[in-house]
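Enquirer: Protein chains in written order, with the working numbering: chain Z, 52 to 615; chain X, 11 to 170.
Note that these hints are calculated values from the structure, not bench results.
Backbone N, C-alpha and C define an ideal beta-carbon position, used for all residues, glycine too.
Honestly, I wouldn't trust all of these hints.
[To be verified] Cβ pair distances, simulated, as ranges: (1) Z/253 <-> X/46: 44 to 54 Å; (2) X/122 <-> Z/170: 40 to 50 Å; (3) Z/161 <-> X/52: 23 to 33 Å; (4) X/46 <-> Z/550: 51 to 61 Å.
[What the hints assert, rightly or not] Derived pair list, reagent style DSS-like, types lysine-lysine, alpha-carbon separation capped at 25 Å: (5) Z/410 <-> Z/256; (6) Z/117 <-> X/76; (7) X/76 <-> Z/363.
One letter stands for each residue in the lines below.
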Amino acid sequence: MKLTGAEIFIESLKKEGVEYLFGIPGGAIIDLHDALYRQDDIKFILTRHEQAAVHMADGYARATGKPGVVLVTSGPGATNTLTGLATAYMDSVPIVVFTGQVPTPLIGNDAFQEADIVGMSRPCTKYNFLVKDVNDLAITIKKAFHIATTGRPGPVLIDFPKDVQVAKAEFKYPETIHIRGYNPTYHGNPKQIRKVVKAITSAKKPLLYVGGGAIISGAHEEIYKLAKKLQIPVFTTLMGIGAFPEDDELSLGMAGMHGTYRANMAIQYCDLLISIGARFDDRVTGKVSDFAPYAKIVHIDIDPTSISKNIKVDYPLVGDAKLVLQEMLPLFDEYSSVDWKEVRKPWLEQIEKWKNEHKLAYDMQTDEIKPQYVIEKLAELTKDEDPIISTEVGQHQMWVAQFYTFKKPRRLLTSGGLGTMGYGFPAGIGAKFGFEDKPVYVIAGDGSFQMNEQELATIVAYNKAVKTIILNNGYLGMVRQWQQLFYGRRYANTNIEVQPDFVKLAESYGIKARRIRKKEEVEDALRELVAYKGPYLLDVIIAREENVYPMVPAGASLNNMLLT
Amino acid sequence: MKRIYSIIVENHAGVLSRIANLFSARGYNIESLSVAPINEEGLSRMTIVTEGNEQVLEQIGKQLNKLIDVIKVIQFGEEPYVEREMALIKMHTDMNTRAEVLRIVDIFRGKVVDVSHDSYTIEVTGDSDKIDAILSLLEPLGIKELARTGKVAMIREKKR
Ligand SMILES: Cc1ncc(C[n+]2csc(CCOP(=O)(O)OP(=O)(O)O)c2C)c(N)n1
Ligand SMILES: [Mg+2]
Numbered sequence: 052m053k054l055t056g057a058e059i060f061i062e063s064l065k066k067e068g069v070e071y072l073f074g075i076p077g078g079a080i081i082d083l084h085d086a087l088y089r090q091d092d093i094k095f096i097l098t099r100h101e102q103a104a105v106h107m108a109d110g111y112a113r114a115t116g117k118p119g120v121v122l123v124t125s126g127p128g129a130t131n132t133l134t135g136l137a138t139a140y141m142d143s144v145p146i147v148v149f150t151g152q153v154p155t156p157l158i159g160n161d162a163f164q165e166a167d168i169v170g171m172s173r174p175c176t177k178y179n180f181l182v183k184d185v186n187d188l189a190i191t192i193k194k195a196f197h198i199a200t201t202g203r204p205g206p207v208l209i210d211f212p213k214d215v216q217v218a219k220a221e222f223k224y225p226e227t228i229h230i231r232g233y234n235p236t237y238h239g240n241p242k243q244i245r246k247v248v249k250a251i252t253s254a255k256k257p258l259l260y261v262g263g264g265a266i267i268s269g270a271h272e273e274i275y276k277l278a279k280k281l282q283i284p285v286f287t288t289l290m291g292i293g294a295f296p297e298d299d300e301l302s303l304g305m306a307g308m309h310g311t312y313r314a315n316m317a318i319q320y321c322d323l324l325i326s327i328g329a330r331f332d333d334r335v336t337g338k339v340s341d342f343a344p345y346a347k348i349v350h351i352d353i354d355p356t357s358i359s360k361n362i363k364v365d366y367p368l369v370g371d372a373k374l375v376l377q378e379m380l381p382l383f384d385e386y387s388s389v390d391w392k393e394v395r396k397p398w399l400e401q402i403e404k405w406k407n408e409h410k411l412a413y414d415m416q417t418d419e420i421k422p423q424y425v426i427e428k429l430a431e432l433t434k435d436e437d438p439i440i441s442t443e444v445g446q447h448q449m450w451v452a453q454f455y456t457f458k459k460p461r462r463l464l465t466s467g468g469l470g471t472m473g474y475g476f477p478a479g480i481g482a483k484f485g486f487e488d489k490p491v492y493v494i495a496g497d498g499s500f501q502m503n504e505q506e507l508a509t510i511v512a513y514n515k516a517v518k519t520i521i522l523n524n525g526y527l528g529m530v531r532q533w534q535q536l537f538y539g540r541r542y543a544n545t546n547i548e549v550q551p552d553f554v555k556l557a558e559s560y561g562i563k564a565r566r567i568r569k570k571e572e573v574e575d576a577l578r579e580l581v582a583y584k585g586p587y588l589l590d591v592i593i594a595r596e597e598n599v600y601p602m603v604p605a606g607a608s609l610n611n612m613l614l615t
Numbered sequence: 011m012k013r014i015y016s017i018i019v020e021n022h023a024g025v026l027s028r029i030a031n032l033f034s035a036r037g038y039n040i041e042s043l044s045v046a047p048i049n050e051e052g053l054s055r056m057t058i059v060t061e062g063n064e065q066v067l068e069q070i071g072k073q074l075n076k077l078i079d080v081i082k083v084i085q086f087g088e089e090p091y092v093e094r095e096m097a098l099i100k101m102h103t104d105m106n107t108r109a110e111v112l113r114i115v116d117i118f119r120g121k122v123v124d125v126s127h128d129s130y131t132i133e134v135t136g137d138s139d140k141i142d143a144i145l146s147l148l149e150p151l152g153i154k155e156l157a158r159t160g161k162v163a164m165i166r167e168k169k170r
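Just chain X, with the same shape it has in the complex (with noise of 0.2 Å):
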C-alpha cells in the first residue's frame, strides 16, 4: 500500500537526516521526497512517497510526530486531496519525431522549456499517472534526460 505523508519541520540543518534516518533504520524506503520552505518563517513542508503495510505505515505515521523538528504530520488517504508532480524530460530530437513529440505534449498540456538543434526539454506538471502516462508515449522516441519531482500534496477544502 502506497501513502503520501506531508510533513511540516523545522528549516535546519539535520532535519532531513533525521527523517532519513527514520525510514533506513527501519528499512523502510522513501519512493519519492521533496523539500521546499513554505509561507511560515523557518518551516518547510517535506512530501514524502512511501509503501507498507497498514502496521508500518502507522509506525511510520507516528515515529515522524515524534521527531521533535515535525510540527506537523498529514497523511494522505481517506480525505480527498489533490497531488501533483513536475517533470522535466529532454527529449532527443530529429525531422522525424519532432512533429510527434510536439503532439503529444500539446495533448497533455505541457510546455516545452528548451530547443536545441536534436533536443527538446519538456516541462510537464499532473498527477503522477499523468506523468506516467506521458513518458510512456516519449519513451519510444528516445527520452535523453528525466527528472522528476516526486509529489506534493494538499488536502482539498470542504465544499459547501
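If we strip away everything but chain Z, and leave its shape as in the complex, we get (with noise of 0.2 Å):
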C-alpha cells in the first residue's frame, strides 16, 4: 500500500522510537500536522518559538541521550532555527530538525516563505538534506538519524518540499544504513593504546582532562575506574562536568578561565595531561604557548580534526572514549603491584596544598544575597534528589558550575561552545519532556531569561513543573564583569535595570512565582521552590556587582589568575 510523505514521516518517527516533536505549524508543513493529529504515538509539542523548540529538543536531548526532534515550518520557521542548531553543532548534540519547504517546482523562485535553508545551515549542521521526491524520504529519515547519533553527534537538518509531503510512496523503512563516505573510527589503536599506557604508568605527575564527549560516550564509568586505579587526579571542561563525581578527592572541579586555582595550576605544573573527549577551547587552555609547558600531551578523541587543531599532541587516540578506556583499563593489571597511592603521594600532597591556598569562595559578611550562596544552598537542598540543572549564559552559569556539586553526567544542560543566551530555559523544559520525575531547575539570569521567556506558556501548556530561578542583578553581568575589570568600569549597554516583574509576568501564566532580596530568605524560599508541585519562578535580587572569580583574563596564561 502506498503512504503519502506526510505518513512516511510519521512511520519512520515511529521507528526511531521519537516520542516528541517541537516546533510550530505553518503553511508549509499544515499535510504533516494534519497526520500527526491523526494519531497518538508521537506527540507535538507547541512551543512559542522556532529557537525554543530547538533548544527543547537540545535540552531533551543531553538528559537522556536520545535524539531530540523539532518541527518547524519554511520561511521564518526555519530560520528561527540556526541558533538552536549552531549552538547544538558546537555541543556536538543529537538533534534532527525538519523544516518545511515550498513545493519543488518554485524552490528557487523566491516563492512566498522560501529560505534556502539548506544553504544556511550548511556552516552549522553535521550534515543536512533536501527531500526532492517521495520515494527518498524514509531512507532519507534514516541517514538523517544515523548521521545525528553516531560519531561525533550533532545536528542534522531535513528540509521537506510540501509537494512531496502529499506525494505517495511504498513505504520500507531500512534496517540498516551504510554511508560510504561515512566511517567513524570507534576502536582504538591497539599500539597506541599500549604506548599511552606507557606513558600514563610512568608519569610522575600526570592529570586527566575530562570534556563533553566523555558524557557523550557514556565513559563516565571507566573514567571513574582509570583514575581510581592509577590515582590520577581529574578536572572537567564546563562541558565535561558530571563525567566524574565532584565530591571525589581526586576532582579538582572545572579549569580554565574560570576554573579552580587547584585546576588551572595542576595544568601548568603535570608532566601528562590525558584528554579524553575535549578539545583544547581557548577557554579552557588560556594562552596556548603557555599550556601545560611541561606536559606530554594524550589526547583520546572520536573527531580526528579535533587532535593537534590547537595544541600539538604527543599521542594521539583516535576512537570513541568508552571503548578506547575499555580496551585500555585491562592493560594496566601488569601494574597491579604498583602502591599508586604511594607513587603519586608527592603530586596529589602538591594538589592538595593549592586547594587550600585558594579555595572557591565569597564574602559572606553581607545582608544582600549572594549568588554563589543560593547556588550552594540549592546545591544542599537536592543532593538527593538527582535534579537535572539547566542554565543560560553569563555569570549565573559559570556559579552553577563552580558552585554546585554534579555528580552523574547528564545533569548540567549548559550551552559551553556557543554561550548562547536563551538556551537554558527552553533546554530545562526539553529536559522535562525526556524524565517527568526527575526535577528540573533553571538557573537563570535575568538578561538570559528575556530572551525565551515566552516558553513560560509551553510549561502551563503541558504542565511541566520546571523551577526556574533568576539570580537578578539588573546587568548583563559578564559583559558587566569585563568591563569593570578591563574596560575601567565604562559600563556601556549593559545596565538592564528596565525589565518586566518576573513574579507578575510568571503569574500572568498562572505561575507560581516569589521574589527574594536578603540573604535570610535564601532558604526558605528554596525549600518552598524545591517542595512545590507545579511550575515555580523565583526572582533572586542578587548583589549586583558581584564578579566571578577565580578568572584568567582572554589571552592571558592559567597561572594568571585573577582571584579576588
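Need the complex rebuilt from these two chains, each delivered in its own frame; the hints are there to steer you.
Expert: This is the structure we're talking about:
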C-alpha cells in the first residue's frame, strides 16, 4: 500500500522511537500536522518560538542521550532554528530538524516563505538534506538519525517540500544503513593504546582532562576506574561537568577561564595531560603557548580534526572514549603490584596544597544575597534528588559550574561552545519532557531569561514542573564584569534595570512565583521552590556587582589568575 | 608550502559548497580547483591546490576526510605523482607576430585550435611550470584571454 509523504514521515519517526516533536506549525507543514492529528504515538509540543523548540529538543537530547526532534515551517520558521542548530553543533548534540519547504517547482523562485535553509544551515549542521522525491524520504530520515547519533553526534536538518508531503510512495524503512563516506573510528589503535599506557604508568604528575565527549560516549565509569586505579587527579571542562563525581577527593573541579585555582595550577605543572573527549578550547587553555608547558599530551577523541588542532599532541588516539578506555584498562593489570597511592603522594600533596591556598570563596558577611550562596544552598537542598540543572549564559552559569556539586553525567545542561543566551530555560523544559519524574531547575540570568521567556506558556500548557531561579543583578553581568575589570568600569549598554516584574510575569501565565532580596530569605524560598508541585519561578535579587573569580583574562596564561 | 589534494566525492548538489565552505570558514585559500565525474557511477574527482603551513595542511586533510560526502582524500607530496594542467590562450596576432607565436607553440607541443584574421587560440597541456613558461613567452606578444583548468593529478604506479 502506498503512503503519503506525511504518513511516511510519521511511520519513520515511530521506527526511530521518537516520542516528541517540538515546534510550531505553518503553511508549508500543514499536511504533516494533519497527519500528526490523526495518530497518538508521537506527541507534538507546541512552543512559542522555533529557536526555543530547537533548544528544547537539545535539552531533551543532552539529558536523555536520545535524539531530539523538531518540526517547523518554511521561511521564518526555518531561519528561526539557526541559533538552535549552531548551539547543538558546537556542543555535539544529536538533533534532527525537519523544516517545511515550498513545493519543489517553486524552489529558487523567491516564493512566499521560501528560504534556502539547506544553504544557510550547512555550516551549522553535521549534515543536511533536501528531499525532492517521496521515494527517497524514508531512507533520508534513516540517514539523518544515523548521522545525528553516531560518531561525533550533531544536528541534522531535513528540508521537506510541501508537494513531497502529499506525494505517495511505498513505505519501507531500511533496517540498516551504510553511507560510504561516513565511517567513524570507534576502536582505538592497539599499538597506540599500549604507548599511552606506558606514558601513563611512567608519568610522575599525570592529570586527566575530561570534556563533553566523555559524557556523550558514556565513558564516566571507565574514567572513574582509571582515575581511582592509578590515583590520577581529574579536572573537567564546562561540558565535561558530571563525567567525574565532584565530591571525590581526586576531583579538581572545572579548569579554565573561571576554573579552580588547583585545576589551573595542576595543568601548568603536570607532566602528562590525558585529554578525553575535550577539544582544547581557548576558554580552557588560556594562552596556548603557555599551556601545560611541562606536559606530554595524550588526546583521546572520536573526531580526528579535534586532535592537534590548537595544541600539538604527543599521543593522539582516535576512537570512542568509552571503547578506547575499555580497551586500555585491562593493560594496567600488569602494574597491579604498584602502590599507586604511594607513588602519587607527592603530586597529590602538591594539589592538596593548591587546594588549600585558594578555595572557591565569596564574602558571606553581607545582607545582600550572594549568588554563590544561592547555588550552594540549592545544591545542599537537592543533593538527594539527583536533579537536572539547566543554565543560561553569563555569570550565573559560571557560579553554577563552580558551586553546584555535580556527581553524575547528563545532569548539567549548558551552552558551552556557542554560549547562547536563551538556551537554558527551553533546554530545561525539554529535559523535563525526557524525565517526567526528575526535578529540573533552571538557573537563569535576568538578561538571558528574557531571550526565551515566552516559553512560560509552554510549561503551563503541558503542566511541566520546571523550577526557574533568576539570579537577578539588573545587568548583563558577565559583560559588565569585563567592563569593570578591563574597560575602566565603563558600563556601556549592560544595565538592564528596565525589565519586567518577573513575579507578575510568571503569575500572568498562572505560574507560582516569589521574589527575595535578603540572605535570610534564601533557604526558606528555596525550600518552597523545591517542595512545590508544579512550575515555580523565583526571582532572586542578588548583589549587583558580584564578580566571578578566579578569572584568567582572555589570552593570558592559566597561572595568571585574578583571584579576587 | 603548496599541496595538491585529490578528493573523490559524491556527485550531488551541495558537495562543492561544503568543500568551499570548509576552506572559507577557516580562512584557507583555494589556489585552483577542478571537478569532473569519474568512471565510477555517482562520484566525482576534485583536485584542489592550496597553500599553508604543515599544521594547516594537516587540518585541511582531516577536515576533508571528515566530510560525509568525501569518499577518499589523496594528498600529493611524498610519493611520485603526475600532474597536468591545460590552458586555452587566445593571442592577438598580426603579420609580425604570427610566426613567432607558432614557433613557441610548436616548441611547447601546443596546438592552435581556432584561428581568425587577427587571433590564434592555443591549447597547451603540461605541468604547471610548463604552462607558466609558455605564458611568460607569449605575454609580450599580446595575450587576449586566458583560461587554465587548474591542476589534476594522480599517483604514479609503482614500477618493478
Ligand atoms: C545570544 C547572546 N547574545 C549576547 C551574548 C553575550 N553575552 C554573554 S554573557 C551576557 C550577559 C548575560 O546576562 P544575564 O543573563 O543577566 O547573566 P549574568 O551574567 O548577569 O549572570 C551577554 C550579553 C551571548 N552570550 N548570547
Ligand atoms: Mg544579569
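Enquirer: Hints first: check each against the structure and report whether it holds.
Expert: Hints and how they fare:
no.	hint	result
1	Z/253 <-> X/46: 44 to 54 Å	holds (53 Å)
2	X/122 <-> Z/170: 40 to 50 Å	holds (43 Å)
3	Z/161 <-> X/52: 23 to 33 Å	holds (31 Å)
4	X/46 <-> Z/550: 51 to 61 Å	holds (59 Å)
5	Z/410 <-> Z/256	holds (21 Å)
6	Z/117 <-> X/76	holds (23 Å)
7	X/76 <-> Z/363	holds (20 Å)
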